[in-house]
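Single-letter residue listing:
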Amino acid sequence: MTATLPPRAAADPQGAGPARVNSYTSGKLPRWAAPALTVACLMGAIAVVALLAAAGAIGEFSLVLAVILGTVSAIALITTISLIAEGRRAATNRFMIALVITAFVVALLPLVSVLSTVLVNGAPRFDLQFFTWSMRSVIGEGGGALHAIVGTLQITAWATLISVPIGLFAAIYLVEYGRGPLARAITFFVDVMTGIPSIVAGLFAYALFALIFGEGVRLGFAGSVALSVLMIPVVVRSSEEMLKLVPNELREAAYALGVPKWLTVVKVVLPTAAAGIITGITLAIARVIGETAPLLIVAGFTSSMNYNAFSERMQSLPVFVYTQYANPGTDVDVYLERAWAGALTLIIIVMALNLIARLITRLFQPKAGR
Amino acid sequence: MTATTPRPASAEALPAKPAIRLGDLLFSRAALWSGGLILVILAAVAIFLVAQSIPALTADPADFVGQPASFLDYVWPLVFGTLWSAALALVMALPLAIGIALFISHYAPRKLAQALGYLVDLLAAVPSVVYGLWGIGVLAPAIQPVYSWLVDNAGWFPLFAGPVSGTGRTILTAGIVLGVMILPVMTAICREVFLQTPVLHEEAALALGATRWEMIRMAVLPFGRPGIISGAMLGLGRALGETMAVAMVLSPQAIVSFALLQSANPSTIAANIALSFPEAYGVNVNLLIATGLVLFLITLAVNSIARYVVNRRKDFSGAN
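Protein chains in written order, with full-length UniProt numbering: chain R, 1 to 370; chain A, 1 to 320.
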């Protein structure tokens, strides 16, 4: 620790460094000093930028520039004042606090920007026609995303039907049965599988179905298989965590009553962990429902309705957004508006799923044992 | 239960081994097969990709779109673009992620901390195609003046060499979007690890008179270093495989260039597949699958290293 801490002024002989401030005995800035300085700097920066804009020195008033200027000057000012009044250590501390808070605010900027942009640009076409029309024979204005919504629901439903049994049983194996190298291998490869790029999952599904149906295959169900590859590890991990939380006393009590192991799992362990497992599954669905790349490859895109996931191309909502953006007709704005409306729908679905997941955890959490 | 359990008539008729119940057998087998199936799926991903790649590796390069001299010639600019954009994203996102994680774990008021954590997690909930739209519709035009300014004033620096892109659709923009996308996963892992710092270490540092930052530097950061490394690696894995944001933001060319602000940018493997696959035919499909195999191997290596680092420290059981 002596290596990391700078030599203290207090350790100096008397009068050795009159310019140095002893941070143990020196004064402290009042609590309101930093917030007040920040507000003052921001105001000042806005005023300066507004004056500059009025004087014609810069093009036009830019709030972004003002906020950046204000933040930088606030950090510099607080650090300097603290350095003078409180000493070097306290100044470093204040500087780092300012940096950490700035980092957090900077991270929120894209979130706010994305959500507000989607809301503003998506609202004009977020109407009844958008949810009741497909894009068949639509050129230019009008049209909707019904075919994409139906496709997304079907593809995701099939992916859930494939992933949940496999993922849940694998989690049960890992927690209740798994011992030795196989269990360790599964744990490791589930972790590795969470990192498979979504596009690789799409290529895998294509390669698999091309083997059965020949080259150039496009199927909604193939999309489901690709999504399952992405979804299974998420389901396994979350279910595993939840099953591990079930107190061992419950299992032992069941065994003591002579209940077979499988009935213990079905009637005791799973109901106890049910809320957490359902939350995990909901979050997994939320993760894959926005996947674009694998569906672009194996489910293809179309402008017509297709209720059958086992034949022909199937549009999905993320791919709808992408194709509206990527292949606009003569009237670009109309296509972009549809893309933004699709993005808004997608975000609402994902946020709703996240909210439901949190609600389930909150409402159905078992009361005992935590 | 009575139906599945054969009851011995009397005590002396007890079998030496308990009879295995049918339900138990079926259930444990189902669990075992599901676990095994995961390994099978992962193996199948590798096998199918390899099998479909072989035609591209043996084919005449003249059949490929764009007539590259060889497969390596085709894939190298893409590999470069993938690594370069992911590295840019990592460089921008890692300090931010550490800062946010520290803010949530050690600076924010306790009551607020969890809600603020959710807020950052919301970034992960936005689908990648929406990030793509945002990158091209909002970020690129907004940041283009900054690029012009950089080229005018710092153009001597090789990374900022001109001529500047007029649209703002450069690899730096793609890197920023990727950075935003990998921020939540890195923040989550750093946060978990920082929260697991032994409280006694922190209190000991504070009791010796350390300021809060000195406490973090002496107690929290050394303890959390493996977590930071693995979080960075996982974020890198995400950034390497991310498709749509890059595919939409960049207008790619097959070049190798470090310049950040020009309109000619290298593409990434994933973006190239997404853009070319719908129109690909014949051996070009195999070619794209072969590039996918390269991507798979890169991400597999990165993720395995990350997991190895995490698993070495069993204390981080909560860290994803």
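Calculated directly from the structure, the hints in this document are not laboratory data. Each hint should be verified, as a subset may be incorrect.
[To be verified] Subject to a maximum C-alpha distance of 30 Å in a straight line, what follows is the list of computed DSS-like cross-link-like pairs (lysine-lysine):
| # | chain 1 | residue 1 | chain 2 | residue 2 |
| --- | --- | --- | --- | --- |
| 1 | A | Lys111 | R | Lys28 |
| 2 | A | Lys111 | R | Lys244 |
| 3 | R | Lys267 | R | Lys244 |
| 4 | R | Lys261 | R | Lys244 |
[Unchecked claim] Beyond 12 Å from chain A on every Cβ pair, some chain R residues (computed):
| # | residue |
| --- | --- |
| 5 | Ala33 |
| 6 | Leu37 |
| 7 | Leu77 |
| 8 | Gly87 |
| 9 | Glu176 |
| 10 | Ala185 |
| 11 | Phe188 |
| 12 | Val200 |
| 13 | Val225 |
| 14 | Leu263 |
| 15 | Thr264 |
| 16 | Asp331 |
| 17 | Ala343 |
[As the list claims (entries may be wrong)] Computed footprint of chain R on chain A; a stretch qualifies when at least three of its residues, placed anywhere within it, have a C-beta under 8 Å from a C-beta of chain R:
| # | segment |
| --- | --- |
| 18 | 33-41 |
| 19 | 296-305 |
Glycine included, each C-beta is placed from N, C-alpha and C at the ideal position.
Going through the hints against the structure:
For the proposed pair Lys111/A and Lys28/R, the alpha carbon gap of about 27 Å is at most 30 Å, so the pair holds. Proposed proximity of Lys111/A and Lys244/R is supported: the alpha carbons are some 27 Å apart, at most 30 Å. Only pairs whose Cα atoms come within 30 Å are accepted, and Lys267/R paired with Lys244/R is accepted, the gap being roughly 16 Å. Restraint check: the Cα-Cα separation between Lys261/R and Lys244/R comes to about 16 Å, which is no more than 30 Å; the hinted pair holds.
Its beta-carbon lying about 16 Å from the closest one in chain A, Ala33/R satisfies the requirement of being farther than 12 Å from that chain. Consistency note on Leu37/R: stated as away from chain A, and its beta-carbon is indeed over 12 Å from all of that chain's, at 18 Å minimum. The beta carbon of Leu77/R is kept farther than 12 Å from every beta carbon of chain A, the shortest such distance being approximately 18 Å. Consistency note on Gly87/R: stated as away from chain A, yet its beta-carbon is not over 12 Å from all of that chain's, at 10 Å minimum.
At roughly 7 Å from the closest C-beta of chain A, the C-beta of Glu176/R falls inside 12 Å, breaking its exclusion from the interface. In this structure Ala185/R is not separated from chain A by more than 12 Å, as the shortest Cβ-Cβ distance comes to only about 7 Å. Once the 12 Å rule is applied to beta carbons, Phe188/R is inconsistent with being away from chain A; the minimum gap is 7 Å. Consistency note on Val200/R: stated as away from chain A, yet its beta-carbon is not over 12 Å from all of that chain's, at 5 Å minimum.
Under the 12 Å C-beta cut-off, the non-interface status given to Val225/R relative to chain A is violated; the minimum distance is some 10 Å. Some Cβ of chain A comes within 12 Å of the Cβ of Leu263/R; the nearest lies about 7 Å off, and the non-interface call is violated. Its closest Cβ contact with chain A, about 10 Å, brings Thr264/R to no more than 12 Å, contrary to its assignment away from the interface. Residue placement check: Asp331/R keeps its beta carbon more than 12 Å from all beta carbons of chain A (closest about 17 Å).
Its beta-carbon lying about 5 Å from the closest one in chain A, Ala343/R breaks the requirement of being farther than 12 Å from that chain. Coverage of the segment 33-41 of chain A by chain R holds in this model, with 8 residues showing a Cβ closer than 8 Å to a Cβ of that chain against a need of three. Counting residues of the segment 296-305 of chain A whose CB falls under 8 Å from any CB of chain R gives 6; the rule of at least 3 is met.
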